[in-house]
Amino acid sequence: MGPIRESFIFEFLYCHLSLEASCSSVRILNIAFIPENLSWISFTLTAFFWIFVFINAALVGVLMLIWGERRLIGKFQARLGPNRWGPLGLFTPVADAIKVMFKEDIEPTLSDKLIYVLAPILMVVPVFMIFPVIPYGTKTFLTNISVGVVFVLAITSINSLSVLMAGWASGNRFAIIGGIRAVAMLLSYEIPMGISAAGVVIVAGSLSLSEVVNNQVIPNAIFQPLGFITFLIASTAELNRSPFDITEAESELVAGYMTDYSSMKFGLFYLGEFMATIASSAIIVTFYFSGWRGPSFIPSEIWFLAKWIGVIAIFIWFRATFPRLRIDQIMSLAWKGLFELSLINVLVLALMIAIWPDPSGIQLLIMTLINWVVFFLSIYIFGKILSPNLTGNKITKRSVVYGLD
Amino acid sequence: MFIDAIFYLVSILLISNSLLILFSKNVYRSAVFLAFSMLCFAAMYFMLSAEFIGVIQILVYVGAVSVLIALSVMLVKDIEKSTDNNKLLYYSSIIGLIFLVLISFFIINFNWDEFSNNILDNSNCLLSSCGSEPGILIESTNWLGKLITTDFMIAFQLSGLILLASLIGALALLRVRMNDDSE
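Keeping their order, the protein sequence lines are chains A and B.
Every position in the first sequence, counted from 1, becomes a number in my numbering once 94 is added.
Every position in the second sequence, counted from 1, becomes a number in my numbering once 59 is added.
Simulated from the structure, these hints should not be mistaken for lab results.
Be careful, since some hints might not be right.
To be verified - Chain B is faced by these chain A residues, among others (derived, beta-carbon under 7 Å):
id, residue
1, Ile-209
2, Val-211
3, Ile-215
4, Ile-239
5, Ser-240
6, Val-241
7, Val-244
8, Ala-248
9, Ser-251
10, Ile-252
11, Ser-254
12, Val-277
From the three backbone atoms N, C-alpha and C, an ideal C-beta is built for every residue, glycine too.
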């Protein structure tokens, strides 16, 4: 029970339940009743309470995101967006959720019933696991596991399995093709995502998310722009969001792997995607916008929340602005562009950290400058190399079947 | 107490998933149960404080290898009941039995205490509390990295070489197919 007691919110509740001797300094009200030798009961109760709070906060966050996304896209497209039900249309997502729940639940005859039911659950459950490990403030986090950076990447990678399960179990050709395309895309974009996260780890010198925030003197988005851009694009692809929403490209594949899902099973996919957007934004804030750090006249949690909403707005902006890419363009962007760019980023950072293991203020500025020069140079060169492949219109069997030009 | 309860829960899940891999007729379901048992393995690693290995287990085996297995299972002719015409039943059961005997012999006869003491001694005790305290285990990632780049360097490099060879082999096979198609 050692490392978990670093967490303020955990310890606060734990000490109001348990009569443990080390707790007396934290306790404000004298309401503790569970004796010290039964500390596992107070541990379990505290854990379950916080899990309950985090899950409900995530669900409310999804409702807010659906509303905010519709309003904001409305603004982008010069229309009003939802505005009838509740103040500013705030209750629209609630009505939407109730509508989804009351729809007819259809199970296709050709489906594999067990996997068909398991797939949406596997989409939603892992995303809940990301929220407890993120540091929301100086002492506001639930757990600080020592391998946080790899943990969040690993948890987000589970959804590729869920997509493939959903695609196959539906027993529908559109669903299988959509699922296979989605898996190809998700697996490809996991690689640049992981390598750019390695850049963050090199700078922080630790895999723990709290240490990543603590050691970010200059926000990584400014310090290593190349890593930031690759991570942002790769996580947009990981989230299946526009412009990478090839898995549910209506004009080609009906709704991809979700074609045969209806009612709340479809609702779970929807929920999972939106919740993953929120979780990924929190990860990006922690990795690249220095998490809860900021001038201390505003509480650290408010700083985190403000940056969080900002990154979510960037994702919505992407969705409103960019046209969808074709599958071969998506694959060549991952393997010919982002993969090399993230490798260059890691190489440059590792070299600089090897020269200056513990950089001072002026050395940090020089490193930032070098990173920006590398950023512009490599983007220019790769743009030159890739542009004929990305704009060319020839569609061959190779491009459609293998995803290669 | 709490940890014990979770341990038994995960063990039951792990064993039942492993049995389901073997006894489900549908090959695709077997692949999915394989992924679930990999998740249970990761939970086991977490409970042994080997957090890094547990996380890598999820990242590599659940996120990538199971997905690739599930994809390749789609190439099987009759997914629903493909175990009926297995021609290698006797050979595979004999090899499995030999493997079972070998591995149980190894597990029973190996001196686990000496092995773990050796590793703890060679780790230079990164934190002050070495031994049964969890202090050393918190820094296990750091320590693992040092072990891989010093003591087990050759094994690490060789595994990388195997991966590279298989990657090049897969590319070469695909290149032949693609040239045939485009003509």
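Quiz item: Are there hints from earlier that the structure breaks, and if so, what are their numbers?
Solution: 2 and 3
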